[in-house]
Amino acid sequence: MTHPTAQSADIALVLEGTFPYIRGGVSGWVNQIIHAYPEHRFAIIFLGSRREDYGDFKYPLPANVVHFEEHFLYAKGSSNEEPLARAGDPVGHALVQRLLDALAEGPANAQAMRAFEAVVEQMQPGGTVQLTDFLYSRRAWELICDNYRRHCADPSFVDFFWTVRIMFQPLWVLARVAQQFIDVRAVHCASTGYAGFLGGLLAQTRGVPLILSEHGIYTKERKIDLFKSEWIRDNRNIFQRDPTELSYLRQMWIQFFEWIGRYCYQRADPIIALYEANRQRQVADGAPAERTSSIPNGIRVERFSPLRADRPAGPPPVLCLIGRVVPIKDIKTFIRAMRRVVNQRPDAEGWIAGPVDEDPTYVEECRNLVRSLGLQQNIQFLGMQRVEDLMPQIGLVVLSSISEALPLVLLEGYAAGVPTVATDVGSCRQLVEGLDAEDRALGPSGTVVPIAQPQQLADAALALLGDPVAWHAASRAAVARVERYYTDTLMFDRYRQVYERALTYAPGVA
Amino acid sequence: MAGIGFELRHLLRRNTLLGLVQAYAYAGVIGSGPWVLSIVGILLIGILSASVVEPATLVTQFQTSVTYLVACSLIYTGLAQLTFTRFVSDRLFEKQGRQVLPNLHGLMVLVLLGAAVLATLALFVVLPGLGLLYRLLMLAGFALLSAVWMLTILLSGMKRYKAIVVLFGSAYALIVVCSLLLRPWGLEGLLGGFVLGHFVLLVGMWLLVVREFPAAPRLVAFDFLQPGKLYPSLVAIGLLYNAGIWADKFMFWFFPPTSQPIIGHLRASLIYDLPVFLAYLSIIPGMAVFLMRIETDFVEYYDKFYDAVRGGGSLQFIESMRDEMVYSIQQGLGQIAKIQTLAVLVTMVAGPWLLDVLGISRLYLPLLHVQVIGAGLQVGVMAVLNVFFYLDQRRTVLLLCVLFVVLNVVLTGLTLWWGAPLYGYGFAVAQLVTLAAGLQLLTRRLNRLEYHTFMLQ
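Protein chains in written order, with our numbering: chain A, 1 to 510; chain B, 1001 to 1457.
It is possible that some hints are incorrect.
Said to hold, decoys possible - Chain A stretches covered by chain B per the calculated footprint, using a threshold of three residues with CB under 8 Å from any CB of chain B:
no. : segment
1   : 136-145
2   : 150-157
What the hints assert, rightly or not - Pairwise CB distance ranges, derived in the manner of DEER restraints:
no. : chain 1 : residue 1 : chain 2 : residue 2 : range
3   : B       : Val1346   : A       : Arg86     : 47 to 53 Å
4   : A       : Thr132    : B       : Asp1307   : 28 to 34 Å
5   : B       : Gly1114   : A       : Gln97     : 16 to 22 Å
6   : B       : Lys1338   : A       : Ala75     : 51 to 57 Å
7   : B       : Lys1338   : A       : Arg51     : 56 to 62 Å
8   : B       : Val1346   : A       : Gln97     : 54 to 60 Å
No lab work stands behind these hints, which were simulated from the structure alone.
Model, not experiment: these values are computed from the prediction.
Backbone N, C-alpha and C fix where the C-beta goes; we use that ideal spot for every residue, glycine too.
Given these sequences and hints, build the entire structure.
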């Protein structure tokens, strides 16, 4: 596949593991944004783990993407040559040592940040902190051993060693990418993490403005990943293990992502969250509050508004969960809740609409749960569906996730006049109950329930479906809310301002 | 948000360290042990036949012929010894034991074909105009010895030391008995016994190997020649090591003042050879200690070291296992030194008497002393090389082998040019310098063992 290339572009989008290879909320948003500004020429840097982890493009590149490049952070090196022993650059070593000393004072200190900037600058090709030294030099080895002895609470040296290697190695890839990237007038990152690091580095070395839009909170999502991941071993024995304490290696990852997030925050302006709770979280994680703001996702309401007329007068007793069948969506809680719903209303149905190919074991577990609860007649796995086809047939959009940002399915339901029962994650409370006084005055557009509580979820759904007056009130509030606060035009206007400000920015004034 | 899927599991579990610590054993170098046995056998035959076979020159001719067979076949098979042992241990590591037998047969085919071609050429070039039976027996002897060395290497790689010793012992007992019975037929009789004995030895070893490895559907295979499975450095090491050990002997044989023609174009150096053979007998206790130390203490800590590296031991534990490895090497070398010193002292005391018994002039006593010391140093060199093999430092071993060959040739040449008082010093000094260099490199390597293990693999 050949990708467009160019000598320069207006805005560089730095995307980590999303558009155009992976479908999902962020990818859809990126697609929307690029299409919304045909007047800007976009360049895309896609960062992935390994080439084989991705298939083909899931989205065609819009015409105003003039440059596309992809980099894989964990690509295997092609060289089979045996590396040679070396001492390592003393200047680079001193820089790293200075950084480590500064970091020992605590994560939030300006001196450490300056030391970090000095190091990352030298990580670019031709600098004094080179990957080969990190991998093969005696100085690096001594640094690793020294830090293991001083800090590592996990007994396994080999795991510590490889964690260090895997953690830092991508930074050199990114340093090279930053140096060789084409001329752009502004950089826009869709997350912190490695993408945010690259954005920060571009801003640092080129003096271009950096825009950061965070949909989730990278460090938090990584934390969930890290909690779940079995590949990070915990080598403490039964006497050393304290279950309330994260394993040292997990903590290392979290601190690492927190730190590179901080690096991105101190360069980025504006720092945009999807919703208020996340904005506060960014501030807590080190983002300067005066640069933060929220711009919620918006949808094209006209796509869904005609569907309102297609619905039968009363709410259909159909609860629909739209999303991938993966553990983070907690499909099982939905299935358990359906048992209770069906006990009360035998005519109720539960639909699960979303791809089932991502985590086949989990899908199988869900199907087994449906069977063991005797719900084969009431629950259907529909696979991928057109949302417009579903909306007129359902009475509630259900969201049982244990983690979300700003779920578009709720807004799409709202636009079609379908209220929701959602767990209290991400922006769901804001979406259901309203944010400020004016918003809250519209009334609730559904019910918020705690996570992993099938009983409460079922009761809330039954209450709405069983009371047409309440249902219609919620439906009206839903329509009003989405039209007032969550349309795409609103979102496009606000991002237009962001881009205009960035593109008129005179370089070097920072 | 998708983010980069945490597909790191594979990366972390890839365990590149595994590739490096493939626990293969290089008893290859130890394989030189059996030829000590063969020297004993040759000497025995000589002593037992000396009074019976007439004229006495026949015995000398026999011993010289056999010495050439042993030397040439060792150097020749040196090409294949180490790389094939490595091939076998790699396959065993991969649990591909089935591939061993067909490849062994493939190797045998190649070795025997090569041996036949080389020996046939030699019959016309080196042994022109001699009796047909003698020449045919030489050809058979060369081919059989080559095959025997290959199997010896294979079996010692599998740590079947006891079986090797038992087989060699019985084969040489058979050879001695045969030579006693066949004495009346003179040179051909003695050589016939030698060939017969080795044929029996070869069959015995082959049966042992066949029993050891699972049968395979293929009879013959040549996988060991595939790129990546053939280690050029090991081919070179095997050749150089054996050539190095024999270089000084050949130089003495073909330097007119120190040698005389024996049979055909074969020459021998009576003044040099017997002290050399005697000296090699003195290293038997040293070899035994060396085997014990390396294969027990050292390997134990070697395994613990790499288990700790792979299995998530703490750095402190890894370091202390490294220290234990170093300590066991020090202990082993120290014990070898003690034993060899003892052997030197014994030779010093018993030397005059020994020379009298063998009918050699006491003028050569100083030569015997130097040879004993040189042979003792060789045990040390072998020990160091073996440790390097365990650490998979083929480049270092190659370097040491080159150093040894060059030194042995140059220094022996110098001593020949200088004259009798320095005979034997060439070999001994070459061993000494190689040992010193080897120890120096080993110290450096062991001091940085963890660094090399983690960072450079």
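Outcome of the hint check:
| no. | hint | verdict |
| --- | --- | --- |
| 1 | 136-145 | holds (count 6) |
| 2 | 150-157 | holds (count 3) |
| 3 | B:Val1346 / A:Arg86: 47 to 53 Å | holds (49 Å) |
| 4 | A:Thr132 / B:Asp1307: 28 to 34 Å | holds (29 Å) |
| 5 | B:Gly1114 / A:Gln97: 16 to 22 Å | violated (59 Å) |
| 6 | B:Lys1338 / A:Ala75: 51 to 57 Å | holds (55 Å) |
| 7 | B:Lys1338 / A:Arg51: 56 to 62 Å | holds (60 Å) |
| 8 | B:Val1346 / A:Gln97: 54 to 60 Å | holds (59 Å) |
Taken one by one, the earlier hints fail for this structure only at number 5.
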